[in-house]
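Participant: Please build the complex by placing chain B on the supplied structure of chain A, with the hints as guidance.
From first to last, the protein sequence lines are chains A and B. Using my numbering, read the first sequence as starting at 1 and increasing by one per residue. Using my numbering, read the second sequence as starting at 1 and increasing by one per residue.
No wet-lab data here; the hints were simulated from the structure. Here the structure is a predicted model, which is why all the values come from computation and not from measurement. Be aware that a few hints might be false.
[As the list claims (entries may be wrong)] Partial pick of chain B residues on the chain A-facing surface, computed with a CB cut under 7 Å:
1. Gly68
2. Trp108
3. Gly111
4. Leu159
5. Val169
6. Glu178
7. Gln272
8. Lys316
All C-beta atoms, glycine included, are put in the ideal place defined by N, C-alpha and C.
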Amino acid sequence: MGKPIWRKLAITLAIIPALGLAACSSTGGRAPEPESNAGGGAVAATDRIKIAVITHAAPGDTFWDILRKGAEEASAKDNVELQYLSDPDGGRQSQLIEQAIDQGVDGIAVTLAKPDAMAGALGKAADAGIPIVSLNAGEARFKDLGAFAHFGSNEQLAGQAAGEKLKEAGIKKPICVIQEQGHVGLEARCAGVKKIVPDTEILYVQGTDMTQVESTATAKLQADKQADAIIGLGAPITMTLLKAKATAKSEVEVASFDMNSQLVEEITKGNVMFTVDQQPWLQGYMAVDALWQNNRGGFTIGGGQATLTGPAVVDKAVAEQITSFAQEGVR
Amino acid sequence: MSSITASPSQKRKSPALDERVGKKSALSILLGRPEIGALVGAIALFVFFAVVAPVFLAPASLATVLYGASTIGIMAVGVSLLMIGGEFDLSTGVAVISSALSASMISWYFGLNVWVGIALALVVSLLIGFINGIILIKTKLPSFIVTLASFLMLTGLNLGLTRAIGGSVSSPSIADIEGFQSAKAVFASSVNIAGIDVKITVFIWIAMVIIASWILLRTKIGNWIFAVGGDEKAARAVGVPVVRTKIGLFMAVGFCGWVLGMHNLFAFDSVQSGEGIGNEFLYIIAAVIGGCLLTGGYGSAIGGAIGAFIFGMANKGIVYAEWNPDWFKFFLGLMLLLATVVNIVVKKRAESSK
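Bound conformation, chain A alone (with noise of 0.2 Å):
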């Protein structure tokens, strides 16, 4: 190990700083801290509980976010002490939820992806008498598996409603592109856009790597000029894709699902037809609501049936107004 290295090192970090004072930009970058309102109004008199919040998440997505975002929300109006904890691989979540179990939670929210995975840790729950609610998936299952209530949206119906509003605007063949190859809601939304538009097509990507999203879309409107729209199954993916029309010249219609603020402003411009929202904000909410609701005074939501966040269309005139509530992060 020579001394030069470092010492180049060094004087590299140096000049850093040095750089960094002449060159600020007068455009773009951190707005200005807005005041927080979170936890800055009433919070519930009721004693502190604590609340598990346990879902398949993958690290990094957006959506994941704005649930969050509910979930924590909810917790501070209701004086609930949250954990938050996320693994997309079925095992290893139901390991979450023994945690949770052992670490006394007074609740547990938990999204049902993988239902079978869940059986096991759920039913431990429920001997150690912990209530349970279900959010995001699991519509199906969640009564078998001792939830009380549950939360999200039906994806085979978001999938029926994006196809409605597609033959509405005449699209004959459509293209739906799935970034995780093999995962159940994405399969369902493509499958209901089937149901009322029989042609639409099914293109596999690399949700990992924006490039080969781009490249691989590219490709697609290359190689079939039949093709009408191309339907993203979530928001930083629609956008990509409006990346691929343009490197392949094409002039399909731009469909999406999920919601961020990038889209938001896209559908407002018109280069984004509509997207479907199953409103997470709402989902992580509510869970976190209506375990609080039961402990409080044992109450249960939806009797019995799932409480559907969704399918929300979101079209131009809708997207002008929660274009600001999008930028919060909560829709």
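Facilitator: Just chain B now, with coordinates in the frame of chain A:
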């Protein structure tokens, strides 16, 4: 390879025609190159897709294939050099995203010109490579363990820091910050050639392959790389600066990660912090298909480029051929296997005919 066991033909030759110093025919030089197997595989795959999917041959389609290949190929340049030097790096996939996130978060948080973020991201990327290298040298652990650890740590840092600083797991859009347009022109624009838009990454990729090949074949540093990969102890004994070469190689990989990270950032305005996981294997696959040995000391930069091109063709060709997407991954795997087998067969034949 078989220089110890003298072949019968060698015995018959007079000393003046010793094969080690005698002139070889152009064909045998070509067949002796590490990338020859990959080249044959690439040509076979190209012809195959040209036949089953004629749209594959359209210039715009080729530009798309090249773009898909270039995003693998840029990293494969550094990864190939590193593999020739006898090490490999599992942190490359997430390190690309770390670099993109650094540039974006620094510019956004401090409200700095984008180019400052880009420069600091380069420092971060080189530092990641430097740290990988220095830990490898100091601990003498295999690079598999060292870079697996840095892969996990970077994955965690990407998520944790992005959320802590920006409040979301994807980086905020920096499209309206000063310098964005000029940076986009450098890292993520298209060049129009005879009416076809070719992404700039294709040219960056080709330039990097040429520079890497020149370093490997025409400079002292190239000899050092082959030497440390072939036999580290022997290399040290003849005065090759093993430590500096290895750290330099990891930093070269960091540099490639920076180039690709900047492309990701400026092509898509914002970066999701969970991206990149799994791509490290694609880079290694490209290098291996291209003829780099997992044991080091053998390979070429151009081989890695051909490996990336094979991946790009297989990946996009399946879409152009409009095959049932359920089988996509299977075909991809099969094609990669076939390409590698062809590679081995051709290489063995070339070596035995020497």
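Participant: Next step is simple, just say for each hint if it's right about the structure.
Facilitator: Hint by hint, here is what the structure shows:
1. Among the interface hints, the one on Gly68 of chain B holds; its C-beta lies about 4 Å from the nearest C-beta in chain A, closer than the 7 Å criterion.
2. Of the supplied interface hints, the one on Trp108 of chain B holds, with its beta-carbon coming within about 5 Å of a beta-carbon of chain A, less than 7 Å.
3. Contact between Gly111 of chain B and chain A, as hinted, is supported at the beta carbon level, the nearest pair being about 4 Å apart and thus within 7 Å.
4. Below 7 Å, beta-carbon pairs count as interface contacts, and Leu159 of chain B has one with chain A at about 5 Å; its hint therefore holds.
5. This hint holds: Val169 of chain B has a C-beta 5 Å from the nearest C-beta of chain A, less than the 7 Å allowed.
6. At a threshold of 7 Å, the smallest CB-CB gap from Glu178 of chain B to chain A is about 4 Å, leaving the interface hint in force.
7. The beta carbon of Gln272 of chain B is positioned within 7 Å of a beta carbon in chain A (closest approach about 5 Å), and the interface hint is therefore held.
8. Hint on Lys316 of chain B holds. Least Cβ distance to chain A is approximately 4 Å, under the 7 Å limit.
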